[in-house]
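Q: Position chain R relative to chain B; hints supplied.
So the sequence lines, in the order shown, correspond to chains B and R.
Quick note, the first sequence lines up with residues -6 to 358 if you use our numbering.
Quick note, the second sequence lines up with residues -6 to 358 if you use our numbering.
Please note: incorrect hints may appear among the correct ones.
Said to hold, decoys possible - Each pair of labels, with its calculated beta carbon distance range:
#1 Lys107(R) - Leu117(B): 31 to 37 Å
#2 Glu312(R) - Ala144(B): 55 to 61 Å
#3 Asp118(R) - Asp0(B): 37 to 43 Å
#4 Ser332(B) - Asp118(R): 56 to 62 Å
#5 Arg(-1)(R) - Ala173(B): 57 to 63 Å
#6 Pro14(R) - Gly179(B): 50 to 56 Å
#7 Asp118(R) - Leu117(B): 29 to 35 Å
#8 Ser332(B) - Gln113(R): 53 to 59 Å
#9 Gly15(B) - Thr349(R): 53 to 59 Å
#10 Asp62(B) - Gly341(R): 57 to 63 Å
#11 Ala159(B) - Lys107(R): 45 to 51 Å
#12 Glu307(B) - Pro14(R): 32 to 38 Å
#13 Ser332(B) - Glu3(R): 52 to 58 Å
Since the hints were made in silico from the structure, they are not lab data.
Just so it is clear, CB atoms sit at the ideal spot from N, CA and C, and this is done for glycine as well.
2 protein chains.
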Amino acid sequence: MNKRVRDHAEVIVDHSTDVQPGDDVVIRAGGGTEPLVTALHEKLGERNANPLVVSRSGRASRAFSLAADPEALEIPEHTLALMEAADVVIGVRGSANQHESADVPPDRQVALEKRRKPVQEAVLDTRWVGTQFPHPGTAQKAEMSTPAYEAFVYDAVTMDWAAQSAFQRQLVEILDPAEAVRIVSGETTDIRLSVDGTVTVNDDARNNLPGGEVFTAPVPDSAEGTVLFDEPVITRGREVTGARLTFTDGKVAAFEAERNEDALAATLEADAGASRLGELGIGMNREIDRFTYNMLFDEKMGDTVHLALGRAYEKNVPEDSPVERNESSIHLDMIVDMSEDSRIEVDGEVVQRNGTFRFEDGFEG
Amino acid sequence: MNKRVRDHAEVIVDHSTDVQPGDDVVIRAGGGTEPLVTALHEKLGERNANPLVVSRSGRASRAFSLAADPEALEIPEHTLALMEAADVVIGVRGSANQHESADVPPDRQVALEKRRKPVQEAVLDTRWVGTQFPHPGTAQKAEMSTPAYEAFVYDAVTMDWAAQSAFQRQLVEILDPAEAVRIVSGETTDIRLSVDGTVTVNDDARNNLPGGEVFTAPVPDSAEGTVLFDEPVITRGREVTGARLTFTDGKVAAFEAERNEDALAATLEADAGASRLGELGIGMNREIDRFTYNMLFDEKMGDTVHLALGRAYEKNVPEDSPVERNESSIHLDMIVDMSEDSRIEVDGEVVQRNGTFRFEDGFEG
Chain B
-6 MNKRVRDHAE
4 VIVDHSTDVQ
14 PGDDVVIRAG
24 GGTEPLVTAL
34 HEKLGERNAN
44 PLVVSRSGRA
54 SRAFSLAADP
64 EALEIPEHTL
74 ALMEAADVVI
84 GVRGSANQHE
94 SADVPPDRQV
104 ALEKRRKPVQ
114 EAVLDTRWVG
124 TQFPHPGTAQ
134 KAEMSTPAYE
144 AFVYDAVTMD
154 WAAQSAFQRQ
164 LVEILDPAEA
174 VRIVSGETTD
184 IRLSVDGTVT
194 VNDDARNNLP
204 GGEVFTAPVP
214 DSAEGTVLFD
224 EPVITRGREV
234 TGARLTFTDG
244 KVAAFEAERN
254 EDALAATLEA
264 DAGASRLGEL
274 GIGMNREIDR
284 FTYNMLFDEK
294 MGDTVHLALG
304 RAYEKNVPED
314 SPVERNESSI
324 HLDMIVDMSE
334 DSRIEVDGEV
344 VQRNGTFRFE
354 DGFEG
Chain R
-6 MNKRVRDHAE
4 VIVDHSTDVQ
14 PGDDVVIRAG
24 GGTEPLVTAL
34 HEKLGERNAN
44 PLVVSRSGRA
54 SRAFSLAADP
64 EALEIPEHTL
74 ALMEAADVVI
84 GVRGSANQHE
94 SADVPPDRQV
104 ALEKRRKPVQ
114 EAVLDTRWVG
124 TQFPHPGTAQ
134 KAEMSTPAYE
144 AFVYDAVTMD
154 WAAQSAFQRQ
164 LVEILDPAEA
174 VRIVSGETTD
184 IRLSVDGTVT
194 VNDDARNNLP
204 GGEVFTAPVP
214 DSAEGTVLFD
224 EPVITRGREV
234 TGARLTFTDG
244 KVAAFEAERN
254 EDALAATLEA
264 DAGASRLGEL
274 GIGMNREIDR
284 FTYNMLFDEK
294 MGDTVHLALG
304 RAYEKNVPED
314 SPVERNESSI
324 HLDMIVDMSE
334 DSRIEVDGEV
344 VQRNGTFRFE
354 DGFEG
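So that you can see chain B by itself, here it is in the shape it has in the complex (with noise of 0.2 Å):
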């Protein structure tokens, strides 16, 4: 077995899901994926785990979504069932091809998620992560040779985290305490929310694998200003090219997109919750050095910011906080490019310009 894999299993079991002696474990794994399902299987089966892998495939879901009444479906209570079960869910993306569902119909694919709403809360209930496995596929997509991209992906999970989490500390003890947050990008971006009693989490790889990011969530009503994301957005099979969201009152109050702007009005019209934001984003992982087309990577880069339409984690807004938690069956991070004449204003302080935090060498205040 390749060590690269052994090794991004066992950064997985050990450090982000922290698997125990019987603990029950859900590897939810997309196709071609089967060397680090292997490799998972060597690991849990030391810890004396117990895995199931539940598979993913994006031809199968296709064809299910096609041949279905969403009115008609039911919550799928075996799935329910398993996740409330589970201690541990691990996905593992390897997709051959990321728009296999390009062809459902967006209104199609928004009720299906709908359904599976419940699904996902229970996955959320878990110690989860979500990693990728380097796919020819998806080297593809990121427009890299295979190893060269296998590469990239390795480097990026077997990073020294604990070096990592101190770096990005800096920045979570500088926006947690905060109440405003504005955003400020070119002549194209300039927002301004609230983050006025949310929970700013440290992403050192728990839940995400590579880590690499800060988030809280802004207070869903506060969010007021525009935003131009310059990076595309795969959401429903499709790619979303120069989407520009205008935000009142918190909520999406225009829209428009170069390409495929259905996909994005039809992600805006799932529910109340989808058209304002359930996540403020700050990019801190500067091994993740290039766009990948792969939200796993692309949300975590340094020098980028993202927000994402619809849910928000409880990490941000737990039970007991006084902020209403934004509630929705869609969670889409959207980026901003932040490298060049931009800046993050924290209660009227500029903490980054340019892509360079406070605390960093090279800050020009």
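A: Then chain R, alone, in the frame of chain B:
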């Protein structure tokens, strides 16, 4: 999508498991079975049932089996919860390599199987079916080209099940009220069993696809005599050939095998029920015209009888039966060729001679 794959999916969903709207369906899929898994998703979508795919990877299982401590493992509660909540379980075999667990010590495999017994019982409480996808690896094992093997599989699974059911019913009507069965083949096999009080089942492709046998359970302490199993048995990833078992008071009193006798020994030692018979089956499917090293097909072949060590099915020995049901974590089918110099006697009368039943043309009483 290939029409034969679609037809196969339709037989599974409509005939074998009679899927209804709202049913929660688990597909346990071996590697390389995506075409059938996709076709099943289409059919299940049309029925508005909920599919979940559990993937069974031989390589992953092997890695887990070698790494885990069987004594330290607990019951996989999440898998149990899944199967208990499922209405239908569809098993799709398609392994590239049936010997993937050949280097896992047999006693370790027995211990790991024991742990899964409650899961297996929960599966048997659903409307379950096991079927085969014609993977090139399975074709290789059958010593056939993949296209020829595909034709063999698709012809067998899409046959006229109503006609086959009527043919088999003639034997059910003889065997179900009977008390004593004697099986004689050449100089090597002569065994007497009681089937007094057990229920004979007509396998017309509900739980097995293809179906094509009539089966019941012997009374657990009734087997007397010796059987030479003519065809190889694959257990724990290894091929046991020339197995010869002698029964006294229903229990294996002596055994030998030409190859892999230790795998047979481990199976017999799995638990108390493993050294008694749980099934007597009579193959009646003439579409299956050759051995393919695959019990799902081999045991249905005309001119054969099979006896299974271990677990008896509840269908054969229901809860209110006067007969004790043989319980075990194992169920190992072993085949006797009845085509020549052979006979089946039921209550002293010859019911089959040299493969021909008394209700068929050409029978020589």
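Q: Hint by hint, note whether the structure agrees.
A: Verification of the hints:
{"no.": "1", "hint": "Lys107(R) - Leu117(B): 31 to 37 Å", "in the structure": "holds (34 Å)"}
{"no.": "2", "hint": "Glu312(R) - Ala144(B): 55 to 61 Å", "in the structure": "holds (60 Å)"}
{"no.": "3", "hint": "Asp118(R) - Asp0(B): 37 to 43 Å", "in the structure": "holds (41 Å)"}
{"no.": "4", "hint": "Ser332(B) - Asp118(R): 56 to 62 Å", "in the structure": "holds (59 Å)"}
{"no.": "5", "hint": "Arg(-1)(R) - Ala173(B): 57 to 63 Å", "in the structure": "holds (58 Å)"}
{"no.": "6", "hint": "Pro14(R) - Gly179(B): 50 to 56 Å", "in the structure": "holds (53 Å)"}
{"no.": "7", "hint": "Asp118(R) - Leu117(B): 29 to 35 Å", "in the structure": "holds (30 Å)"}
{"no.": "8", "hint": "Ser332(B) - Gln113(R): 53 to 59 Å", "in the structure": "holds (56 Å)"}
{"no.": "9", "hint": "Gly15(B) - Thr349(R): 53 to 59 Å", "in the structure": "holds (56 Å)"}
{"no.": "10", "hint": "Asp62(B) - Gly341(R): 57 to 63 Å", "in the structure": "holds (58 Å)"}
{"no.": "11", "hint": "Ala159(B) - Lys107(R): 45 to 51 Å", "in the structure": "holds (47 Å)"}
{"no.": "12", "hint": "Glu307(B) - Pro14(R): 32 to 38 Å", "in the structure": "holds (34 Å)"}
{"no.": "13", "hint": "Ser332(B) - Glu3(R): 52 to 58 Å", "in the structure": "holds (55 Å)"}
In summary, the structure agrees with every hint in the numbered list given earlier.
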